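Single-letter residue listing:
Number of protein chains: 2
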Amino acid sequence: MRLLDLYAKMKHDLNVIESELEATMTSDHALLSETSLHLLKAGGKRIRPVFVLLAGKFGNYNLDELKKVAVALELIHMASLVHDDVIDDADTRRGQLTVKSRWDNRIAMYTGDYIHAKALLTITDLQVPQVHQVLSKAMVQMCIGEMEQIRDFFNTRQTVRNYFLRIRRKTALLIAISCQLGAIAAGCSNTTAQNLYRFGYNVGMAFQIGDDLLDLCGTEKQIGKPPGSDIRQGNITLPVLFALEDPEVADSLLPEIERIRNTEGQAGTVRALELIKQSSGIARAEELAERYIAKAVRALEELPTISAKKNLTDIAGFIAKRNY
Amino acid sequence: MRLLDLYAKMKHDLNVIESELEATMTSDHALLSETSLHLLKAGGKRIRPVFVLLAGKFGNYNLDELKKVAVALELIHMASLVHDDVIDDADTRRGQLTVKSRWDNRIAMYTGDYIHAKALLTITDLQVPQVHQVLSKAMVQMCIGEMEQIRDFFNTRQTVRNYFLRIRRKTALLIAISCQLGAIAAGCSNTTAQNLYRFGYNVGMAFQIGDDLLDLCGTEKQIGKPPGSDIRQGNITLPVLFALEDPEVADSLLPEIERIRNTEGQAGTVRALELIKQSSGIARAEELAERYIAKAVRALEELPTISAKKNLTDIAGFIAKRNY
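Note that the protein sequences, when read in sequence, are chains A and B.
The numbers in our numbering rise by one with no breaks, and the one at position 283 of the first sequence is 344.
The numbers in our numbering rise by one with no breaks, and the one at position 45 of the second sequence is 106.
These are calculated hints, taken from the structure and not from any lab test.
The model shown is predicted, which means the values in this text are computed figures rather than measured ones.
Hints may contain errors.
A pair counts as met if it fits within one copy or between any two copies, since identical chains are not told apart.
Said to hold, decoys possible - Under the rule of at most 16 Å between Cα atoms (straight-line distance), these lysine to aspartate or glutamate pairs were calculated in the EDC-like manner: (1) Lys198 / Asp186; (2) Lys106 / Asp66; (3) Lys198 / Asp89; (4) Lys118 / Glu348; (5) Lys338 / Glu306; (6) Lys356 / Asp74; (7) Lys338 / Asp89.
The shape of chain A in the complex, shown without the other chains (with noise of 0.2 Å):
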């Protein structure tokens, strides 16, 4: 199955999440409105939302139950993207304006919180206590994450666990508790929400693997935003660390990172692209996610063999061959 076929399969259950979006970000004021809907309108994978309703599967699935889980982690998600564009400075995300650059950073600032506060009023409609906790637990941790992500600016001695520990927080996390929301507010026993965890934090570490390897190799066209983005604003990913281990290509690479970071404002980073894709670093970052997947995909080896349970390891196999 493609994953166009599968999105095409839950189009219906997706358009339900789709209209509460839409209707949670609608509020009574005119212009916190146009900036929410303004992000929803760029669009986005609703990946969480995916995996809310898959995991749900496995239990009593409930769609009036599981849209309020999955709203309220896509708009966490959506938030974290709002305040993100002011850190990062990004003018565009999906191929739009990003709220900082269309209104100003306050707007931004503020719209991430208020959509932030709206995901918890969502979720609070659900009166399972252990969802709450486990959502503000992964809460803390996400700016655990975005935080150590500013200290680790451009600070190419980091170690490799330095940045799986970062990505953990910053994205495997809330891919993780997605499964094991979806799992719980459908009432699943505990084993099988942790298996749907381990299943959500392991395919969240190849995503982001991925998504990393993307902005190193992609075309404008398929990011959304200029590619190397990320080294320009000093984040040090997988490939770039492992490219500073291979000793053709590190003793020109350092130097070219160094003057991206004294470069006042917009510097070029051709020559860092090239030489990170000369090194050995593109195909051990690729390796590591293909790891990451077969872990994901043993993490449902337990489950029932429901249709879900293939779809999950169908979207696995897409994450790993990066065609999304």
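Dock chain B against the given chain A, drawing on the hints supplied.
Chain B alone, transformed into the frame defined by chain A:
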């Protein structure tokens, strides 16, 4: 009773809250601990915890439960301060460097997000769904209030009603729910919780009017930042709106505000403050604050005569005299 005597009387319980605040802010991430504790150490009146505890006295006073509510509300307040300082570009708060000034805007934004998330994590320990709902609704309104403040910057034609709606969301709501949630956590009846909410709401309105007056009439030592900060950043407060209705002053004040608006960097506000103080705006705003205080005290009428009732009335009196 003086305010200090009340704090002395509540010292044990407030110390418990203070330790809990500190423990909550001490994370495994060094920089986040540092930024959050920096803010905590700058002190503050902890008025929201005081209200939570006093409201709790009308039910089954259980400090272990109430402290979660008190800590969460104080943290939400603190998070909003950190984000405000980014927006206001404020260098000092409570006489100390702000997070955004000692570190930078990015770090301040994530520190705010982190403190927010910690607040939620603290409150999820309390397994009362109504508490989560009341809290997240208030958070949404607070964000709208912040956004309205930005929208209304330098708008000298805004109505007094506009100002009231804004401070309702920005300040009064959080104080209102401090009282309400203290009551709910202590198992009070709905009527009691509603009366306490009304008390907090009216006290909160008076409190913000008092704060706005202080920014115009206080000294740097009293305020912890230079007077006239509001007007410098474009925040048109009640005494200013009233001054603009005073024919003796309006014609000179309007161009003065326009000049401040058009000045790059730190505009002088001496002349504007002089004009406002000459106008009837100060007295009219004071009178309105007193009316809110009277309403607050009336909201307590039906409550049982326990010492907490006397304490709340006393606090309302201190706020009326801006004697805090």
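Tell me the hint numbers this structure goes against, listed in increasing order. 4, 6, 7
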